[in-house]
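Chemist: Top to bottom, those sequences are chains C and B.
Residue 108 in our numbering sits at position 108 of the first sequence, with consecutive numbering throughout.
Residue 92 in our numbering sits at position 92 of the second sequence, with consecutive numbering throughout.
What you were told as hints is all true, and nothing was included just to trick you.
To spell it out: a stretch of chain C is covered by chain B in this simulated footprint if at least three of its residues, at any positions, have a beta carbon under 8 Å from a beta carbon of chain B; those stretches are:
1. 66-79
2. 84-93
3. 178-191
Restraint-style ranges between C-beta atoms, simulated for each label pair:
4. B:Thr132 with C:Phe189: 44 to 54 Å
5. B:Gly176 with C:Cys115: 50 to 60 Å
6. C:Arg72 with B:Thr85: 53 to 63 Å
7. B:Ala228 with C:Cys115: 53 to 63 Å
Source of the hints: derived by calculation from the structure; they are not laboratory data.
Beta carbons: idealized from backbone N, C-alpha and C, even for Gly.
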Amino acid sequence: MAAPAAKANARLQLFNQLWTDNAVFRQVLGICSALAVTNRMVNTLLMCGGLVWSTVMTNITVSALRRYMPQRVRMMITVLVIACYVIVVDIAIRAFFPDIHRVIGPYVGLIITNCIIMGRAEAFAIKNPVVPSLFDGLGAGLGYSAVLMAIALVREGLGFGTVFGVALPAREAWWSSWTIMVMPPGAFFVLALVVWWARGYAMAREAAPADAKKAKGAPA
Amino acid sequence: MKLNANNPFYVVGFTVAISAAFTAVVMSVQEATKARIERNEQLRRERALVRAFGLGDVAQMTGAQVSEVVRTRIVGGLRVRDPETGKEFEVYRAYTTPEAARDRSKQGLVGYAFEVAGSGFWAPIDGLMAVTPDLDKAIGIVFLSQSETPGLGGRITEDWFQDQFRGVAVAPPPKGQSWVYIAREKPPKDDPRRSRTVDAITGATQTSIAVAKFLNADIAEFHRAMAAGPAAQKERP
Chain C
1 MAAPAAKANA RLQLFNQLWT DNAVFRQVLG ICSALAVTNR MVNTLLMCGG
51 LVWSTVMTNI TVSALRRYMP QRVRMMITVL VIACYVIVVD IAIRAFFPDI
101 HRVIGPYVGL IITNCIIMGR AEAFAIKNPV VPSLFDGLGA GLGYSAVLMA
151 IALVREGLGF GTVFGVALPA REAWWSSWTI MVMPPGAFFV LALVVWWARG
201 YAMAREAAPA DAKKAKGAPA
Chain B
1 MKLNANNPFY VVGFTVAISA AFTAVVMSVQ EATKARIERN EQLRRERALV
51 RAFGLGDVAQ MTGAQVSEVV RTRIVGGLRV RDPETGKEFE VYRAYTTPEA
101 ARDRSKQGLV GYAFEVAGSG FWAPIDGLMA VTPDLDKAIG IVFLSQSETP
151 GLGGRITEDW FQDQFRGVAV APPPKGQSWV YIAREKPPKD DPRRSRTVDA
201 ITGATQTSIA VAKFLNADIA EFHRAMAAGP AAQKERP
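Next comes chain B alone, as it looks inside the complex (with noise of 0.2 Å):
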């Protein structure tokens, strides 16, 4: 028999039939990956915590050595709201030993983490901030996504200049001063803007500005709503 490829109920099957089949095909793979994606996805954001915090090289650490640390010595699920501006941030909290997060101790605590996000010269960027207990100084800093210029201001992500914010001051500045700078070059040594300032990247002036811009909202809003006390501070169970 003579295949009538033009009749309309043929090529409607015939469309149908593909369509399924192809999707199926599609559906199969993102279902054999998912796991997979969402363990990379996890991993990624354990690696920035760790990181952030200081608490082991994660170049060295293997995906389980990451995970364990996490698990056992940051703790997660505490919210607090900034009274000003009503943004919401969720705080991880690190620990220097398991047991001293397993009793959420004061004095083993090694600092609060949290999101840092804004406009970057091309598009978002986002990352994660730690500072000590205090809030005074930043422990370090990690950006987790970016599309700056590679070479450029992509080098953000760079070890170098993520290193450059591990003790910088982040303590409420004086008025008409910002919380932090990143700057071409370093104020003089009785400058108090030193110790406020890491370098920026050579040409890249805009994403410099811009990673300041949000830091420097960030922060501040991260002041307040700690500031703000129990009240604005709600503990997920």
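In isolation and in its complexed conformation, chain C is listed as follows (with noise of 0.2 Å):
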């Protein structure tokens, strides 16, 4: 059973992945594919999953092999970890998701280079036990995925008027195609309005304790 800290200390490393260091807001990593496949939620979807899937396995991997894995091949060998995890989801989506693999497919292979699954690795799996790791690759991951959702729900909503693939309600009456959002440009914008939200949003939060200490402070 893993010990009261090691579980604290792996919720943390979770929360850190996912908010407070998310890897594309705070980051600005895996930029490219979150420009490139988030104009459908469902090929979003599966591009996250594939990429929450290489990140924990290759964190888990790393993190197991860490006292036996030699300095000086380190970078190479965790290169082909996660070449081979990545390798195994496009097999998986070609097999089992045909249609949208040939949407997303050479994105999928581009996971082996998204910075996310290395830097992970590099950062934290390498000195770290399995558990904390596991977590840390899942809130990676799961970051990434909650910031790509979030774009594709607003390109996929402008511009085909979906989500999910479904029409959304009476569409006809007041929806009109924004076709700038299907196109990559459109991700651009997009990207940039999250990160603004998130970071703006952050910041606010970090600033009312102090605020507020101020406050407390200040004479009557």
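Using the hints, put the two standalone chains together into the complex.
Modeler: Okay, structure coming up:
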């Protein structure tokens, strides 16, 4: 059974990666795929699933091997591990979701070069036990997924008038296709808005306790 | 005994062992899904053939039903070559009944299908076009792969666009005219080009131009290849 400290560490790591150190809006990592696969929510969901799987499994593997891995071939081995898990995802999508694979196939292969996976393996998994590494990978993957799904929701809604392929209610009456949203530049705009909102919200939250302290200390 | 992870033999041994283990994992997954992936590809092509020939509503048919129609009513294996460009086509023939297919009956022939392919606006596009036995009219067209802009050029795979090709004239045109047109608006009723025209996709002018370009080239080559007669035709056993 994991010790309470390790449990707390794992939970903290999950939250940190989900929000505080979110890979997309805090570290601006994984942007290529955020732009390429977010015009359909189903495609985005599968891409995110692939990334979560690859991040978690790479973190677990690198963490489990950390005591045995020679330093001089460390990065080479990590890339090999990432490539293996990504190829497995690619094959699985091709076998079970062939229509979606035809659209996002090239980008699934590019998960291998996604900085989030290598970043978490190098920054965390290589020097931490398996369980916290698992949660770190899970948090990083889910944090990335949450941002991508939010972008996809806006882009698919405005670009196609659908959500997960289902037409929005009475869209004939009010909806007009925003062509820019289905094209890559649309993702730039939405991503910028998401980063703006998330950073603004985080800064406001961080500033709130300091303001409260000031207010308490101030003369009546 | 303390592990010396810097020992060169250990480094090489570790790298080889890890590479072998992970390669084995990838190979196992590949092997386990190989049959399914091949079946998916085959089914995709079969659905395209059935749809192009108009032999059934593929959206309502199971994979087994589609395969059955292809197995009993569509005959492949005929190759024809355009004597002018040297381009070869694999030709599929569809028949009204399994018996007609078995006898290669000319009366039961629904039409021929051949591959159409070319450069789209962003990347190559390919598909299948079916034409009547006299090669005068299109029975249907299905675009199998494309990487055009989603929501714009990517709409060439939508039913409404592909269905427009049913009945479009593809007989040799008068000199100076095209075989087919993809245009923003249809020509007037008395214009002979009207029967050769389908509506373009709004906002996807470049894709429409690209598709029209390779369709015109492929239809012309297919006509020449079929007209070249049995000398240019090779039936595979």
